[in-house]
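Peer 1: In case you want the letters, here they are:
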Amino acid sequence: MAVDAQTVEKLAELARIAISKETIDEVSSRLGDVLQLVDQLQAVNTDGVLPMAHPLDEVQVLRRDQVTEPNRREEFLALAPQTEAGLYLVPKVID
Amino acid sequence: MHQLTIAEIIRGLRDKQFSSVEITSHLLERIQQLDSQFNSFITVTGEQAIQQAAAADARLAQGDAPALCGVPIAHKDIFCTRGVRTSCGSKMLDNFVSPYDATVVENFLQAGAVSLGKTNMDEFAMGSSNESSFYGPVKNPWDVTRIPGGSSGGSAAAVAAQLVPGTTASDTGGSIRQPAAMTGTTGLKPTYGRVSRWGMIAFASSLDQGGPIARTAEDAALMLSVMAGPDNKDSTCLNRPVQDYTANLNDSIAGLKIGVPSEYFGEGLDSEVGARVQEALQAYEKLGAELVEISLPHSKLAVPAYYVIAPAEASANLSRFDGVRYGYRCENPADLRDLYMRSRGEGFGEEVKRRILVGSYALSAGYYDAYYNKAQQVRRLIKQDFVDAFQKVDVIMGPTAPNPAFKLGEKNADPVAMYLEDIYTIATNLAGLPGMSIPCGFAHGLPVGLQIIGNYLDEARMLNVAHQFQQASDWHQQIAPAAK
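Listed in order, the protein sequences are those of chains A and B.
Numbering of the first sequence is given in this note's numbering, commencing with residue 18 and proceeding in unit increments.
Numbering of the second sequence is given in this note's numbering, commencing with residue 297 and proceeding in unit increments.
Don't read these hints as lab results, they were simulated from the structure.
A few of these clues could be false.
[Claimed, not checked] Okay, derived cross-link-like pairs now, DMTMM-like style, lysine to aspartate or glutamate, Cα gap no bigger than 25 angstroms in a straight line: (1) A:Lys-27 / B:Glu-647; (2) B:Lys-529 / A:Glu-86; (3) B:Lys-688 / A:Asp-56; (4) B:Lys-529 / A:Glu-92; (5) A:Lys-38 / B:Asp-631; (6) B:Lys-596 / A:Asp-56; (7) A:Lys-38 / B:Asp-618; (8) B:Lys-529 / A:Glu-75; (9) B:Lys-387 / A:Asp-82; (10) A:Lys-38 / B:Asp-530; (11) B:Lys-596 / A:Asp-64; (12) A:Lys-38 / B:Asp-710; (13) B:Lys-387 / A:Glu-92; (14) B:Lys-596 / A:Asp-74; (15) B:Lys-707 / A:Glu-86; (16) A:Lys-109 / B:Glu-642; (17) B:Lys-387 / A:Glu-75.
[Said to hold, decoys possible] Reference listing, derived: stretches of chain B covered by chain A, where coverage requires no fewer than 3 residues with Cβ under 8 angstroms from a Cβ of chain A: (18) 304 to 316; (19) 387 to 400; (20) 597 to 605; (21) 692 to 699.
[Claimed, not checked] Derived CB-CB ranges, DEER-like: (22) B:Lys-703 / A:Asn-88: 25 to 33 angstroms; (23) B:Asp-311 / A:His-71: 43 to 51 angstroms; (24) A:Glu-92 / B:Glu-318: 54 to 62 angstroms; (25) B:Asp-566 / A:Leu-104: 33 to 41 angstroms; (26) B:Pro-593 / A:His-71: 19 to 27 angstroms; (27) A:Gln-99 / B:Gly-662: 34 to 42 angstroms.
Backbone N, C-alpha and C define an ideal beta-carbon position, used for all residues, glycine too.
Starting from the given sequences, assemble the full structure and let the hints guide the process.
Peer 2: Okay, structure coming up:
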């Protein structure tokens, strides 16, 4: 199944990944190859088959609602590319 | 000293034949001398390793030594290590120094192990050749013009080159077993949820599982005993007690029923690889096992189902890399959208971007039922094949990979050809079953892996079955030329 450049641009927008104009054809063709591979699934009869969410059909493990971790705000903020006054800094969002 | 297995190192340390500082220094020196040929490490933590080794020696002297006290290991760079760069093989995390330890890392620290550093890997564990790493490809110690397998290529190559006796690794579609097969090492992917994923950077959360790569099944058992177990920090980690995986290694396997799936010996399998696997099966018959022909009729659908589910989950997991809180940020973003688009466009490599786009496609409006839901239904059919087979047999065996290690660059231009590398390993991830790869001979002068698939939580039996083969063969003791 072929993927056109417009679809790739839409996906790139959804995934917030910049793709250069020069590589868009190559990306379309590679995506097409992968989608052709996965399209084999369409031929399988799966009527009445429950989608599988967990291999052992386990349910979520619960734990006590207790504080176990200390607040390490400064350490985590130190990992960010830009911070100011204890906050993450990004380009201006509101005019 | 670098030829010693983990079991031998434990004995040597307790009998005071050598100290942890001595073996640690020896291996660090070896890494410095040899690893430029293999590129199996991204980060070597020499100073920290010597400190850990000295502390281990003190505990050994006091007679207060936990299971792996003083044993050198290394972690795949997917496991977060406090105070040490954790890159996941990506430019995106090249500057990321983790503020915490993964549970697996913590478990090895508690067990007294000494970490030599972080091993190379495909970017975000996406790949079967270790060529997608931001830090360059890893080379196979058996032939440095060939790939070591992936994504845990650095973990496998480091063990094969005898730079370290055991490493941690992770397996989403074959990333422990396929590199183990390519490098003549022993790798184990546990049952989904047996090992905590906390602090193991997520690729596809319903498939990812950590496990060991070592030179023997016994060493893999020693490592798994430390790695496995419930974890409050990972709600998908199984809340079941852990066995001592070394306890049953010496049990007889007389009467063992081995399922041999016809689908794993068909078209696409290299004939020499097939011959080595058949010889291994005959060796098992001599050990008293019985071969039972079985069928896994939905095998062919495993790769297509995987390449919907894994990219879909990856596209969600990797949305956290936004250039805001940690990791790479582009220069001079014009606005917030530009910051996201370019940080991710520049920070991720080609294969990672491709999978995120495929995942976004499969999850986008109008396609969810046709792709993701369909793949999850097919996944149940694949699992049911195994459930039916395990009614009749104790373990399942076949080749780990369809061919031995290929040349660097050979499959780079064709992602689908690369995906088919994992044709025999992916189904066990989809089903959540445990699997191993052990060396069983050579094809075209390169190592061949025998895959052993176990029933849910049957790791102890799988290790017993692998150990018995290794007691009767010496394929696992062969040494890569470049490691000598």
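Peer 1: Determine for every hint whether it applies to the structure shown.
Peer 2: Taking the hints in turn, this is what the structure says about them:
1. The straight-line distance between the Cα atoms of Lys-27 of chain A and Glu-647 of chain B is roughly 18 angstroms, inside the 25 angstroms bound, and the hint therefore holds.
2. Restraint check for Lys-529 of chain B and Glu-86 of chain A: satisfied, since their Cα atoms lie roughly 11 angstroms apart, inside the 25 angstroms limit.
3. Straight-line distance between C-alpha atoms of Lys-688 of chain B and Asp-56 of chain A comes to about 33 angstroms, which puts the hinted pair past the 25 angstroms bound.
4. At most 25 angstroms may separate the alpha-carbon atoms for a hinted pair to count; Lys-529 of chain B and Glu-92 of chain A meet this at roughly 20 angstroms.
5. This hinted pair checks out: Lys-38 of chain A and Asp-631 of chain B have alpha carbons roughly 20 angstroms apart, not beyond 25 angstroms.
6. Taking the CA atoms of Lys-596 of chain B and Asp-56 of chain A, the gap is near 13 angstroms; set against the 25 angstroms cutoff, the hint holds.
7. Distance check on the hinted pair: Lys-38 of chain A and Asp-618 of chain B sit about 22 angstroms apart at the alpha-carbon level, within 25 angstroms; holds.
8. For a cut-off of 25 angstroms, the pair hint linking Lys-529 of chain B to Glu-75 of chain A stands: about 16 angstroms separates their Cα positions.
9. For the suggested pair Lys-387 of chain B and Asp-82 of chain A, the alpha carbons sit about 37 angstroms apart, so the restraint of at most 25 angstroms is broken.
10. For the hint pairing Lys-38 of chain A with Asp-530 of chain B, the CA-to-CA distance comes to about 41 angstroms; that exceeds 25 angstroms, so the pair is violated.
11. Pair hint Lys-596 of chain B plus Asp-64 of chain A holds up; C-alpha atoms about 19 angstroms apart against a cutoff of 25 angstroms.
12. For the given pair, Lys-38 of chain A sits about 21 angstroms from Asp-710 of chain B by alpha-carbon distance, which is consistent with the 25 angstroms threshold.
13. For a cut-off of 25 angstroms, the pair hint linking Lys-387 of chain B to Glu-92 of chain A stands: about 21 angstroms separates their Cα positions.
14. Restraint check: the Cα-Cα separation between Lys-596 of chain B and Asp-74 of chain A comes to about 24 angstroms, which is no more than 25 angstroms; the hinted pair holds.
15. In summary, the hint linking Lys-707 of chain B to Glu-86 of chain A is not supported, as the alpha carbons are separated by about 45 angstroms, beyond the 25 angstroms threshold.
16. As the CA atoms of Lys-109 of chain A and Glu-642 of chain B are separated by approximately 21 angstroms, the hinted pair is consistent with the 25 angstroms bound.
17. Pair hint Lys-387 of chain B plus Glu-75 of chain A does not hold up; C-alpha atoms about 36 angstroms apart against a cutoff of 25 angstroms.
18. Restraint check on the segment 304 to 316 of chain B versus chain A: 0 residues with Cβ-Cβ distances below 8 angstroms, three needed, restraint violated.
19. Residues of the segment 387 to 400 of chain B lying with their CB closer than 8 angstroms to a CB of chain A number 3, which satisfies the three-residue condition for coverage.
20. Proximity of the segment 597 to 605 of chain B to chain A, defined as three or more residues with a beta carbon under 8 angstroms from a beta carbon of that chain, is established by the 6 residues found.
21. Only when three residues or more bring their CB closer than 8 angstroms to a CB of chain A does the claim for the segment 692 to 699 of chain B stand; here the count is 0, and the claim is violated.
22. With their beta carbons about 52 angstroms apart, Lys-703 of chain B and Asn-88 of chain A fall outside the hinted range of 25 to 33 angstroms.
23. For the pair Asp-311 of chain B and His-71 of chain A, the supplied restraint of 43 to 51 angstroms holds, since their beta-carbon distance comes to about 46 angstroms.
24. Distance hint for Glu-92 of chain A and Glu-318 of chain B: a CB-CB separation of about 35 angstroms, inconsistent with the stated range 54 to 62 angstroms.
25. The given range of 33 to 41 angstroms is broken by Asp-566 of chain B and Leu-104 of chain A, whose C-beta atoms sit roughly 57 angstroms from each other.
26. Here the CB-CB span from Pro-593 of chain B to His-71 of chain A is close to 23 angstroms, well matched to the stated 19 to 27 angstroms.
27. As the Cβ distance of Gln-99 of chain A to Gly-662 of chain B is approximately 38 angstroms, the hint placing it in 34 to 42 angstroms holds.
Figure legend: structure checked against the earlier numbered hints; hints not met, in rising order: 3, 9, 10, 15, 17, 18, 21, 22, 24, 25.
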